[in-house]
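Trainee: With chain W fixed as given, assemble chain G onto it according to the hints.
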Amino acid sequence: MAGDARLEAQIDQWRGYVRRRRAISAADVEEMEDHLRAQVDDLAATGLDDDEAFLVAVKRMGNLDDVSREFAREHSERLWKQLVLVPEPPVAAGAARWRELAVVLALAVGAGLAVKVGILAFDEEVTLMRNVGLLVLPFLAGYFAWKRRVTSRVAAAVLAPAVLLAVVINVYPFAPGGSTELLAVIHAPVVLWTLLGVVYMGGRWRSDAGRMDFVRFTGELVVYMALLALGGGVLVGLTFGIFGMVGVDLEPILEDWIMPLCVPGALVVAAWLVEAKKSVVENIAPVLTKVFTPLTIVMLLSVLPVLLGAGGLVDVDRGLLILMDAILVLVLCLLLYSISARDSLAPPGFFDVLQLVLVGAALAVDGVMLTAMLTRIAEFGASPNKVAALGLNLVLLAHLVRSGWLALRFLRGRSGFAAVERWQTRYLPAYGIWAAVVVVVFPPLFGFA
Amino acid sequence: MHIDKDLVAASATPLVLGILADGESYGYAILKRVAELSGGRMQWTDGMLYPLLHRLERLGLVSSSWATSEAGRRRKHYAITTAGKDVLVERQEQWAVVADALRHVWQDVQEGVRHGVQQGFGTGPAVAEGRA
Chain W
1 MAGDARLEAQ IDQWRGYVRR RRAISAADVE EMEDHLRAQV DDLAATGLDD
51 DEAFLVAVKR MGNLDDVSRE FAREHSERLW KQLVLVPEPP VAAGAARWRE
101 LAVVLALAVG AGLAVKVGIL AFDEEVTLMR NVGLLVLPFL AGYFAWKRRV
151 TSRVAAAVLA PAVLLAVVIN VYPFAPGGST ELLAVIHAPV VLWTLLGVVY
201 MGGRWRSDAG RMDFVRFTGE LVVYMALLAL GGGVLVGLTF GIFGMVGVDL
251 EPILEDWIMP LCVPGALVVA AWLVEAKKSV VENIAPVLTK VFTPLTIVML
301 LSVLPVLLGA GGLVDVDRGL LILMDAILVL VLCLLLYSIS ARDSLAPPGF
351 FDVLQLVLVG AALAVDGVML TAMLTRIAEF GASPNKVAAL GLNLVLLAHL
401 VRSGWLALRF LRGRSGFAAV ERWQTRYLPA YGIWAAVVVV VFPPLFGFA
Chain G
1 MHIDKDLVAA SATPLVLGIL ADGESYGYAI LKRVAELSGG RMQWTDGMLY
51 PLLHRLERLG LVSSSWATSE AGRRRKHYAI TTAGKDVLVE RQEQWAVVAD
101 ALRHVWQDVQ EGVRHGVQQG FGTGPAVAEG RA
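Read top to bottom, the protein sequences are chains W and G. Counting from 1, one number per residue, gives the positions in the first sequence under the UniProt record's numbering. Counting from 1, one number per residue, gives the positions in the second sequence under the UniProt record's numbering.
Hints are computed from structural coordinates only; laboratory data are not their basis. Possibly wrong hints are sitting among the right ones.
Here's a subset of chain G near chain W, in silico, CB distances under 10 Å, partners left out [said to hold, decoys possible]:
id, residue
1, Leu31
2, Lys32
3, Leu49
4, Leu53
Straight-line alpha carbon distances no greater than 27 Å define the calculated DSS-like cross-link-like pairs of lysine-lysine that follow [unchecked claim]:
id, chain 1, residue 1, chain 2, residue 2
5, W, Lys147, W, Lys116
6, G, Lys85, G, Lys32
7, G, Lys32, W, Lys59
8, G, Lys5, G, Lys32
9, W, Lys290, W, Lys277
10, G, Lys5, W, Lys59
Label pairs and their in silico Cβ distance ranges [as the list claims (entries may be wrong)]:
id, chain 1, residue 1, chain 2, residue 2, range
11, G, Ala29, W, Ala418, 10 to 20 Å
12, G, Gly23, W, Val234, 49 to 59 Å
13, G, Arg55, W, Arg402, 47 to 57 Å
14, W, Arg15, G, Ala67, 14 to 24 Å
15, W, Arg15, G, Asp4, 25 to 35 Å
16, G, Ala67, W, Gly16, 20 to 30 Å
17, G, Ala99, W, Val56, 30 to 40 Å
Because the structure is a prediction, the values reported are computed rather than measured. Note that the Cβ used here is the ideal one computed from N, Cα and C, for glycine as well.
Chain W on its own, in the form it takes in the complex:
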């Protein structure tokens, strides 16, 4: 019996090894595994022990590189990693195959309808904007709760803060057109996205790997949303063209129905696509970072002398500060996504040096901006917008400084890459917390102005 278990383990290992070949599909592996087992049985019947029989059977199967090449020649399309939306029979059977698709479509329609109802229910646009995250994200969270089979404890731990947030942003007596309200509108989705992360991880929010997966998911989701938007735009454009020919203006329908229903729906569908294909295609976000890291360095280095040479930095306005925050977020995303795809065992390379240069350049630019911002606040006093921009800048700065320091240590061989990776994911909740502070604490602090 122990021999059987040993053989099973060996076959498992072999299967895992073959599955990594792109050109060999799961069904092919199954077919070859049947072959391997039949061969082992026959060899064992001639008196070989299991180990020997397994070795001979694997040897007869041939060099996997050659076999894989032969499969690739026959199935070249597989190298283009086809996305299979509905699993093929060997994986799931019958109605179960279609269940996930049905759940996703139902949730997508639900998200669209929720937004549509919101539009009808809330008179003021700003009320809708405050609540739009609360209308859409529960459907996304619902998908992951279903997919990950989250426990009721996790569900409660996520629901409680979400409900609290919903109460706060709807009960606070915001002054009409005030900046604290606008800040709440901007920051509430960040808080909700953090909570979504907890659901995505199935409650394992302490796991570094889990958080990194959520980071990857977010990046891929953005890429997919952009692609869906592009495709949707083409489709809408063509439809408009046709209807325009016969003198029908679709503009009101687009505004009233297509946008409110399709955009939230697209978000749910995009999340499902990322989930369905994450093991199928190489992630695209890390590929983009490889392209944009050097370009961003050039951009930052060209911005720096302009900022320093401009002289009148005391005059910098709020817009520039927000722009600066946006640049830092971009730098961090580049950092985060290249780290998310890096083999943590690989030795330091050229790209790691490039990243350190990127962080250095970002810190230099931010240093100039921060000085300007502090001068401005000292001169004109604090406003909610300025404090929010400054706070975010400090949160980002802490992230970048430590990233730069760890990257330097890694390049000099003082520590492993794991430390760099760990810092990135451990720091992420800080953004959620800062967003929560802006939503919950700022309005009362600044008298709801």
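Mentor: Using the frame of chain W, we list chain G on its own:
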């Protein structure tokens, strides 16, 4: 005995089609049959059979279906199609021509050898001198 891989590749399709013409079968059994038919002298790289079967399936010469083996494992069975049978007949004719031509050539070579040997005897002393 090692058989040149080009020869193995050329004979693989008619062999597989011929075996399937006898009745539906699956990968491992097909390979066993090949070994049996050649008296164990033809050994294929087992893994290479599957891409070949898939190619034949894509060309419509065989069809496949999943079934369960006696041991309860899922197993993919292959059966020859009508198109496959046509191709098999065609290949049989081609191979018959090739085999026929080869047989004549072997005969000529053997006769040539015998002839050459006789000639060799005729010029025996010269060769013997040459060797000496």
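Trainee: The structure should be examined with respect to each hint, and the outcome stated for every one.
Mentor: Consistency of the hints with the structure:
Hint status for Leu31/G relative to chain W: holds, with the closest Cβ pair at about 8 Å, below 10 Å. Interface restraint check: Lys32/G against chain W, minimum CB-CB distance 8 Å, threshold 10 Å, status holds. Taking 10 Å as the C-beta contact cut-off toward chain W, the hint placing Leu49/G at the interface holds, the least distance being around 8 Å. Hint status for Leu53/G: holds, given a least beta-carbon distance of 9 Å to chain W, under 10 Å.
A distance of roughly 26 Å separates the Cα atoms of Lys147/W and Lys116/W; the hinted pair therefore holds under the 27 Å criterion. Between Lys85/G and Lys32/G the alpha-carbon distance is near 21 Å, which keeps this suggested pair within the 27 Å criterion. A hinted pair counts as satisfied when its Cα atoms are at most 27 Å apart, and Lys32/G with Lys59/W qualifies at roughly 16 Å. For a cut-off of 27 Å, the pair hint linking Lys5/G to Lys32/G stands: about 19 Å separates their Cα positions.
Simply put, Lys290/W and Lys277/W have alpha-carbon atoms about 21 Å apart, close enough for the 27 Å limit, and the pair holds. At most 27 Å may separate the alpha-carbon atoms for a hinted pair to count; Lys5/G and Lys59/W meet this at roughly 17 Å. At roughly 50 Å, the beta carbons of Ala29/G and Ala418/W sit outside the given window of 10 to 20 Å. For the pair Gly23/G and Val234/W, the beta carbons lie near 53 Å from each other, so the given range of 49 to 59 Å is met.
Separation of Arg55/G from Arg402/W is about 56 Å and conforms to the stated range, judged on CB atoms against 47 to 57 Å. Taking 14 to 24 Å as the suggested C-beta distance range, the pair Arg15/W and Ala67/G conforms, at roughly 20 Å. Taking 25 to 35 Å as the suggested C-beta distance range, the pair Arg15/W and Asp4/G conforms, at roughly 33 Å. Between Ala67/G and Gly16/W the beta carbons are some 25 Å apart, a value that agrees with the proposed interval 20 to 30 Å.
Between Ala99/G and Val56/W the beta carbons are some 33 Å apart, a value that agrees with the proposed interval 30 to 40 Å.
Violated hints amount to a single one, hint 11; each of the other numbered hints is respected by the structure.
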